[in-house]
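Sequences and hints are given; from them, build the entire structure.
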Amino acid sequence: MSRIWNFFVTRIVGLCQVCFRTLGLLPGPSYSRLLPESDLESQSEPLIASDHYQNGSAREQEYIRKTEELQQLQGERSRQKALIADLKAQLEEAGANSSSRVEELQIELQTQSSKNEELRTELQIQSGRIEELQTELQTQRSDYEERISNLEDELKENQQRIAELEDQLKRLQISKKDEIAAQAEEIQKLVKQLELAEHQNSADFAGGESFLDSGATPHLLNKVVERVNQTSGNFTKLLMPALKNGGVVCTEVAKALAPSVSFERAAHTKYVYQALVCEVLFADFESEYFNIKDNAPEILDPEQLRKENFQRYQQLTALENPEELVYEDAIESDFRKYCNKKQKDLIAALSLTGAPGVDDVGALIFGEVFGPDGIRRGDSAGTQSQVKVASAFVKFALSVFLVHKLSFSMHPIARKFRVKDAVEFKPEYMEPVVAQADSDDEDADSISLSVGFMVVPGFYVNRIVVHSRVYTVKRS
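Per mature numbering (1 follows the signal peptide of the UniProt record, and there is no 0): the sequence shown = residues -24 to -1, 1 to 452.
Hint data in this document are derived by calculation from the structure and do not stem from the laboratory.
You may find that some hints are simply not true.
Stated by the list, open to error - With a straight-line Cα cutoff of 25 Å, these simulated PhoX-like cross-link-like pairs (lysine-lysine) come out: (1) K146 - K57; (2) K396 - K231; (3) K320 - K213.
Next up, the structure:
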């Protein structure tokens, strides 16, 4: 606004200077400077007087001309004054208008500034609100993230707890099945004993032997076969970890031995190993001396031979530490020869499976415990686990040897029978190593079983049957 005001003032001052120069009020070329007004007034009377005295026409004409010029100048001067007055009025009006416009513009500027200030204030308020919303949003996001993290942790804990409960449930189910199986097995044993008792009461035994007699009886044979079941299982439990620790893949060995059998549980593969060791140790059972030449009897009388076998059975049964008979420095005996031979046969049978890791299976199982002539004495013979395996093997071999001696103590001799794979399961001749749990299913009675493989052979004596133990599978 100050620039506009300065512009108008400059223009008005310029116009005033032009007017003043025209009127002779300011220095500069002008007609008024040719003859000052005072000179004109002072000379007017002398000219008139001289005209009277001289009466010349020339002077009169000059005077008239000068008078007319003076009048013209005075008229021009009056017009200039009027023009100046008019210009002053216009200048005042323009100044008033300019001041009014300036005031209006100032008012408008103030109004706009006030509006801008209000907008700025509102913007600040909105910015503050936005910041509050952002802070609130960030807080809520943090809360949600924390809650989500807590929920994820709870979910993981719940899943872990569910997995633990499922494992516990499975273990309980397995334990329950094992308990039921053990009870069923015990019941079968009792039933078998009752059957043997019924045969005795019905005079089925030739010669009318009693279970209380000191001679060889089917009852004793049944007890010794049960001992084979126990000792072969104990040896198998130590054999499999020894193989695994040596890098042998036990499942591959099981597949090689029983390729057509589908096991219900992975733990059932132990029965394949139990069947293998029983097959090795019962080999040549029908021979009176296990086809070991040095063990051939010198007695030819059958009755005397039966007595000798039973006496040998009684001697071996009373042993607490059968390992004493197998040490290298022990007295030469038929059992020591049998045990050493079967130890070598077992290593050969495991090697023939061709499973990975069985190349040096003898060292894996027994280490240096077994020498060429028996078990070595001393801690240097092998590790503690290898000594345990060797001890379990000797006890297992002794139980089979006792069955052999007792079988050849009877008249007629107890005959071993084998059960072929895939034949129908017949409970009058067999019993399962895994007892079938009771089922409430209406079709449970209609489920037929077949033999996957034989684990422990059975025996005939007179008309008594000592059951063979087999691993059963459901028939397709």
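Hint check:
{"no.": "1", "hint": "K146 - K57", "verdict": "violated, 128 Å"}
{"no.": "2", "hint": "K396 - K231", "verdict": "holds, 18 Å"}
{"no.": "3", "hint": "K320 - K213", "verdict": "holds, 19 Å"}
Violated hints amount to a single one, hint 1; each of the other numbered hints is respected by the structure.
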